[in-house]
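Asks: Okay, here's what each chain looks like letter by letter:
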Amino acid sequence: MNLQRATRLALYAVLELADQPDRQLSRAEIAEKFGVSGNHLSKVMRELGKAGLVEAVRGVGGGYWFSGNARRTTLMDIIEIFEPSLFDDAGQREPGKDTDIGRTVNLVLDEINEMMQSTLNSISITTMLQIKGRSRTEPS
Amino acid sequence: MHAAQDTQTRLRIRDAEPADLDAIVEIDRQVSGSEKHLYWQDTLSLYGDDDGGRFFLVAENDGRVAGFIMGEIRAWEFGSPACGWVFAIGVARNSLLEGIGSKLLDTLCARFRQAGVTKVRTMIARQDHEVLSFFRSCGMMAGPFQQLEMDVGTGPATDQPDGGTVR
Numbered sequence: 001m002n003l004q005r006a007t008r009l010a011l012y013a014v015l016e017l018a019d020q021p022d023r024q025l026s027r028a029e030i031a032e033k034f035g036v037s038g039n040h041l042s043k044v045m046r047e048l049g050k051a052g053l054v055e056a057v058r059g060v061g062g063g064y065w066f067s068g069n070a071r072r073t074t075l076m077d078i079i080e081i082f083e084p085s086l087f088d089d090a091g092q093r094e095p096g097k098d099t100d101i102g103r104t105v106n107l108v109l110d111e112i113n114e115m116m117q118s119t120l121n122s123i124s125i126t127t128m129l130q131i132k133g134r135s136r137t138e139p140s
Numbered sequence: 001m002h003a004a005q006d007t008q009t010r011l012r013i014r015d016a017e018p019a020d021l022d023a024i025v026e027i028d029r030q031v032s033g034s035e036k037h038l039y040w041q042d043t044l045s046l047y048g049d050d051d052g053g054r055f056f057l058v059a060e061n062d063g064r065v066a067g068f069i070m071g072e073i074r075a076w077e078f079g080s081p082a083c084g085w086v087f088a089i090g091v092a093r094n095s096l097l098e099g100i101g102s103k104l105l106d107t108l109c110a111r112f113r114q115a116g117v118t119k120v121r122t123m124i125a126r127q128d129h130e131v132l133s134f135f136r137s138c139g140m141m142a143g144p145f146q147q148l149e150m151d152v153g154t155g156p157a158t159d160q161p162d163g164g165t166v167r
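As you go down the protein sequences, you meet chains B and R in turn.
Position 11 (the first sequence) corresponds to 11 in our numbering; numbering is contiguous.
Position 6 (the second sequence) corresponds to 6 in our numbering; numbering is contiguous.
Note that these hints are calculated values from the structure, not bench results.
Built from N, CA and C at the ideal position, the CB exists for glycine as well.
Do not take every clue at face value.
Calculated from the model, a selection of chain R residues having no Cβ within reach of chain B, i.e. all distances over 12 Å [stated by the list, open to error]:
id, residue
1, K36
2, E72
3, C83
4, Q127
5, S137
Label-pair restraints from in silico Cβ distances [claimed, not checked]:
id, chain 1, residue 1, chain 2, residue 2, range
6, B, D98, R, Q114, 53 to 59 Å
7, R, E130, B, K33, 32 to 38 Å
8, B, Y12, R, Q114, 37 to 43 Å
Here are some of the chain B residues that sit facing chain R, going by a computed Cβ distance under 8 Å [unchecked claim]:
id, residue
9, E114
10, M115
11, I123
12, T127
13, R134
Please work from the sequences and hints to get the whole structure.
Replies: Written out as structure tokens, the structure is:
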């Protein structure tokens, strides 16, 4: 699955913030950890802020904190903020889509899409952090 | 009789008994929307004791059945070594978010471990995000198998060895 860079960064940032709920993280800290520019991160954080998932504290010592519901927010909720049409190709007119071959190809692609949507809709931020915790304690 | 009790919540997990039938039917009705009395009666008599790696457990909360789980150990199906399968789980609507589902699954997994298996599997409808989320939150991930199906009533014509054709 090929997510846009901003989407992937949004997932990283939300997970990083939700993993440290008692701590405010600065733009520089998050940008450095994930190797992105501060400007790029700011744009992503602005969108997450509009969605109510993060809040920003301005000024010296300011930063971001996770303000969403980690048990109720799924990976799909975050992805849809940045790529609302990722799984929505029903209305798209593409050459060949209405041919017998096009319909057959779409049948299989729709099956793959359904599985991806089901996975992304059923994994919450809390569950992701549990997976992270387990993978940290398991021997590699 | 096996039983596990959480003293803080007075939640007790025990083997299902014939007297639990009505409560199980009602919980399943709340979850699935349909009443399947005969099905659960048969299932309870088949899975009611854990002989042969079959388990049917109920959660009793303050003396009232508030949930159930059913599972079985199966070996070499789909080429897999012995593993535990969870076939059904249900929690009464008025007892959701009290950790009853997790406690039921934990207890069933403990039974599987005691019986010597180290892997547990289940199958959930793709659109059932609520139950999928529950099992994900308990640590389940996608397994190595993929479920496939087809409609045998409308499948392709098949050539027979005698030259005949069936549909």
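Asks: Run every hint past the structure and note whether it holds.
Replies: To see whether the hints hold, each was checked on the structure:
Interface exclusion of K36 of chain R from chain B stands, the closest Cβ pair being 25 Å apart, more than 12 Å. Every Cβ of chain B is farther than 12 Å from the Cβ of E72 of chain R; the closest lies at roughly 24 Å, confirming the non-interface assignment. With a minimum CB-CB distance of about 19 Å to chain B, C83 of chain R clears the 12 Å threshold, and the non-interface call stands. Not every Cβ of chain B is farther than 12 Å from the Cβ of Q127 of chain R; the closest lies at roughly 7 Å, contradicting the non-interface assignment.
At the 12 Å boundary, the C-beta of S137 of chain R falls inside the reach of chain B, the nearest C-beta of that chain being 5 Å off. At about 57 Å, the CB distance of D98 of chain B to Q114 of chain R agrees with the hint of 53 to 59 Å. Distance hint for E130 of chain R and K33 of chain B: a CB-CB separation of about 33 Å, consistent with the stated range 32 to 38 Å. The hint said 37 to 43 Å for the Cβ distance between Y12 of chain B and Q114 of chain R, and at roughly 41 Å that hint holds.
Taken as an interface hint, E114 of chain B checks out: its beta carbon lies about 6 Å from the nearest beta carbon of chain R, inside 8 Å. Hint on M115 of chain B holds. Least Cβ distance to chain R is approximately 7 Å, under the 8 Å limit. Because the beta carbon of I123 of chain B sits about 5 Å from the nearest beta carbon in chain R, less than 8 Å, this interface hint is met. Taking 8 Å as the C-beta contact cut-off toward chain R, the hint placing T127 of chain B at the interface holds, the least distance being around 5 Å.
The criterion of a C-beta within 8 Å of any C-beta in chain R is met by R134 of chain B, whose closest approach is roughly 7 Å, and the hint holds.
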